[in-house]
Amino acid sequence: MNPQKNTTLWDRLVGKDSEQPLEARIFHAVCILSVAALAFSVPFNLLIQLKELAFIMLVVCLLVLISYYYSRYKKKSHLNITLYGILSNLLFAVNFYYNSGIDGPTLMIFIASLFLIMAVVPPRQYTSWITLNIVLVLMLLLVQFKYPELITYTYASAEGRHADLFITYAMVVLLIYAITKYIRHHYNLEKRAVEQKAFELEKSNETKNKLLSIIAHDLRSPLNSIQSYLEVLSDAKLTQEEKKLIETDLLKKTQNTGQMLSNLLSWTRAQMEGVAVNLKTLNLADSLKATIQIQEETAMKKGIILKNDISGALEVRADVDMLEIIIRNILNNSIKFTQPGGEISISAIDDGTDIVITVCDNGKGISKSQQGEIFSLKGKSSYGTKNEKGAGLGLVLCKEFTEIQNGRIGFESEPGKGTKFFVHFKKPSFLIV
11 MNPQKNTTLW DRLVGKDSEQ PLEARIFHAV CILSVAALAF SVPFNLLIQL KELAFIMLVV
71 CLLVLISYYY SRYKKKSHLN ITLYGILSNL LFAVNFYYNS GIDGPTLMIF IASLFLIMAV
131 VPPRQYTSWI TLNIVLVLML LLVQFKYPEL ITYTYASAEG RHADLFITYA MVVLLIYAIT
191 KYIRHHYNLE KRAVEQKAFE LEKSNETKNK LLSIIAHDLR SPLNSIQSYL EVLSDAKLTQ
251 EEKKLIETDL LKKTQNTGQM LSNLLSWTRA QMEGVAVNLK TLNLADSLKA TIQIQEETAM
311 KKGIILKNDI SGALEVRADV DMLEIIIRNI LNNSIKFTQP GGEISISAID DGTDIVITVC
371 DNGKGISKSQ QGEIFSLKGK SSYGTKNEKG AGLGLVLCKE FTEIQNGRIG FESEPGKGTK
431 FFVHFKKPSF LIV
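Heads up, the final residue of the sequence shown is numbered 443 in the working numbering, and it's a clean run with no missing numbers.
One should not assume that every hint holds.
Unchecked claim - Quick list of simulated restraints, FRET-style, between CB atoms: (1) Pro53 with Lys213: 53 to 63 Å; (2) Leu275 with Glu210: 20 to 30 Å; (3) Leu117 with His195: 25 to 35 Å; (4) Lys378 with Glu257: 19 to 29 Å; (5) Ile140 with Phe50: 45 to 55 Å; (6) Lys207 with Lys427: 37 to 47 Å; (7) Met310 with Leu240: 34 to 44 Å; (8) Ile304 with Pro350: 57 to 67 Å.
Unchecked claim - In silico EDC-like links for lysine to aspartate or glutamate, alpha-carbon gap of 20 Å or less: (9) Lys409 with Glu252; (10) Lys290 with Asp331; (11) Lys290 with Glu306; (12) Lys311 with Glu353; (13) Lys311 with Glu251; (14) Lys317 with Glu383; (15) Lys409 with Glu383; (16) Lys263 with Glu307; (17) Lys86 with Glu33; (18) Lys262 with Glu306; (19) Lys299 with Glu353; (20) Lys84 with Glu33; (21) Lys253 with Glu241; (22) Lys254 with Glu307.
Calculated from the structure, these hints are not laboratory results. Don't be surprised by glycine CBs; every beta carbon is placed ideally from N, CA and C.
Whenever a hint applies, use it, and build me the whole structure from the sequences.
Take a look at the structure:
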């Protein structure tokens, strides 16, 4: 038996979440289970010679089917829930008289009926249905007490009565169990949905706050510095040597701001529009050649040696644009936190399953307090060894873009001694379909 087919059939019978409200779906489940129980009770009552009761159960079964049909397929759940409640109480009252009164199982059926009705009616109707149930049962008991001759004792033997009581009790318990389980299941589903929405809202607010912080401070500060440099350059009293020095600093500021803005735009686009991944089989060395050359020039200007040890034979399955952004940001981060005279190396190995790209530096490392947050928006931006400023987005972007490509990223760092980043990409032969 295929569980998926059973689930699909059940969804078709009770209605899908997108089609009908939870109360209507619970009512449909109540109807289906009631019909199953009633359909079983008809031949059972005939077997123990309770023909009148079997007829009543058959009528109730047909009425429940009609209520189910109009609620499920005509979308008239509120009206049919009310009719179901009224008719079930009336028919169970008739059953009380034809099925031995207080000596029969009808009182248990009244309890089950009230539970099923309470499961589907709005809370404002609880008092009305409870009152109806209690008053009706009280009236039936008083009538039997005053006029016991009106009650038909239908059992031919003690065995038949005990069997009827047990079967009715078992069906009531199973009905209550099934409906309770169904309600709890959907309650948990909706609870998880609400929690997920709350989490996404919190994440969205965190993203918005980070974006506003970047715009308000991290981008404004370097732009203000650039403006100040330009104002100083306009001073005719500066010597050529002073102007050259300012122009060099201005270029660094502009490059850092451009890198920051590039990361900001890439990250914002990914958050707002999602990311389209175009995975291809790439030659790793060829794909990163231009990116590494640009970073080599940046490192050289700071007095840092950048060694490229990537073999020309390695291939990865990756999106070339994302791959460039990831490696550019990691190298830029290493250059930023490495002192002049330091060394950075980039290499790659085939570990059998993945191609592992490693970027290693002997810079100032990452403090223990920051290591848990460098891949999250909670991490704070910090200044490099030459006061280079970042927005704290580069490594966040690296993690998101790596994981989108079925890869993973991590690092090892010892404060004061350096940091090693490693990025795992799938080999073409280990492509995940």
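Next item on the list: Compare the structure with the hints numbered earlier in the document and write down the numbers of the violated ones, lowest to highest.
Entry: 4, 5, 7, 8, 9, 11 and 14
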